[in-house]
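Chemist: Full structure from sequences and hints, please.
So the sequence lines, in the order shown, correspond to chains V and A.
Be aware that the first sequence starts at 0, since it is given in numbering that gives the first Met the number 0, and climbs by one per residue.
Be aware that the second sequence starts at 0, since it is given in numbering that gives the first Met the number 0, and climbs by one per residue.
These are computed hints drawn from the structure, not numbers from a lab.
C-beta atoms are modelled at their ideal positions from N, C-alpha and C, and glycine is treated no differently.
Hints are not guaranteed to be accurate.
[What the hints assert, rightly or not] Derived list of chain V stretches under chain A, where covered just means 3 residues or more per stretch with a C-beta under 8 Å from a C-beta of chain A:
#1 3-13
#2 19-26
#3 44-55
#4 113-125
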Amino acid sequence: MSTDAATSLTVTVTINGRRVPRTVEPRLLLVHLLREQVGLTGTHVGCDTSNCGACTVLLDGEAVKSCTVLAAQADGTEVTTVEGLAAPDGTMSAVQEGFRQEHGLQCGYCTPGMLMATTSLLADDPDPDEAAIRSALEGNLCRCTGYQMIVNAVRWAAERGGATVAGEPLVRTETPVEVTR
Amino acid sequence: MIPAPFGYVRATSSDEALAALASHGDEAKLLAGGHSLLPLMKLRLATPAVLVDVGRVPDLGYIRVEGDEVAIGALARHRDIERSAELRAACPVLGHVAGQVGDPQVRARGTLGGSLAHGDAASDLPAAVLALDGTLVVDGPRGRREVAAREFFVGFLETALEPDEMLVEVRVPVTGDAGWSYQKFTRRAQDWAVVGAVAVARGDGAAGALVNMGSRPLRADAVEQALADGATAADASGLAAAGTEPSADLHASTDYRRHLARVLTGRALVAAGVA
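Modeler: Right, here's the structure in full:
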C-alpha cells in the first residue's frame, strides 16, 4: 500500500441494483453523490448535521444518514434510496403503501428518510409495538404530522408485507460473535 | 455543508493505518465510522489534511467474551454491541449504553473505538467504559500498550493517544448479574446527555461515572469513597457534583448540571440495587 493521500478516487457504489462508478473528491458526501452526480433527488438534505434523518438511505441493508457518510466510505457497498423501494413493476412496497394509506405525511419532506428508516426497522423487528416504532424513528424528524400517523403507517406495513426492497424481503445479516471461555 | 478538502488514504490493516499515520504525522486523523469526526469537519471545526480510513480494516469488529473479560475490537459498531446477546449477558451496562447513543442510523455507523478516541465528555460510551475500569489497547510504532480508562481521558476531546497511535481494542470486565444503571437526561430524543450518570454495583458499593460534567468523562470518586465508607446511596449521591466544573449552555446552567448529577447518580445507584 502507498501511504500517499489521494485527492481523487474512483468509487463504485451499487445504487438500487445498478453499479455506478464515479471519480470523486474524498470530501464528497454520499448524499451529494446520490443527488448531484447520479440524479437521484428522492434522498433529501434537511439539517445536514446527522440530526433530522431526511437523507436516510440503506447502506448494505441498514439505515444510515447519507449526509454523514463519505462517498469514499460507500465504495463497494450496496445503497438503496427511496427510488429503489418499489417493486420493478412499480408496485409500492408495504412501507410506502402504509404511509399512503395511513396518511403518514403532510409536506413529504421527511418521507423518504422515514420510509428508509421504517424499512430498516421492520427488517430488525417485523412486529414492533408503538414504543419500538417511536424509538426506532427517533433519528427522523417530521415537523408536520406529530408522528401519530407515521406510527400508524409503520403498523400498517408491519401487518401487510414488512420490509421489502425492489419486491424482495430485506434480510439482515448479523455479525457473528466469538465466544471464548 | 461540505468538509474542507483533504487527502484520503484507505488502510486495509492496522499496520497500514499506522504506516500512514507515521508518514503524515499530526496532520492526519483516523476515520472509522465518521460520526464524530465528519460532523466536525462539515462545520470546519476540524480540518485534517489527511484522513486515514480504517473503516475497512478487517478483524477489528469482534466482541469476544474471554473468561472474566469482554474484548471488543475498536471497530465494533454501537449497533453490534447493542444487539449482541453475549455482550448483554456478560456486561449488560455496556450493551445498554451503546443503545443510548444517538439514533439507530448513528449506531449503524459509529464505532466503540471511534467514540472513545474522540473522548467527548458528553458522549455515553466513554463514561461507561470509565465506570467499568476498562482497558484500552493502543497500537503504535513503539509497540502495543495498554491504557487504563482512568488514564485515557486527559482533557477536552483529548486522550492519551499519541498522533501516531491507534486504539485497537477495548476490554471491560464481565459484570454478569451485578446491578447497573445508566441515567441519561436529555431534552430531546436522540440527543447528547445534558448530564448522565453510570453506576455499576460492586463489593464495596458501586463504581460510577458522569457524562457532561466537565471537560472529560469523570469518575464519581467522592460518591464511590462515601459508599465504601458505609454511606447510603442517598447520602453518597449528594457528593456527585463535588469538585466538578460543568459548562453552561442553552439547556442547563452550571448549577442545574450539578443538581442533575446528584439526582441522576442517586437514581442510578438505586436502580443498580445499591442501598
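Chemist: Now, for every hint given, state plainly whether the structure supports it.
Modeler: Verification of the hints:
| no. | hint | verdict |
| --- | --- | --- |
| 1 | 3-13 | holds (count 5) |
| 2 | 19-26 | holds (count 3) |
| 3 | 44-55 | holds (count 6) |
| 4 | 113-125 | holds (count 3) |
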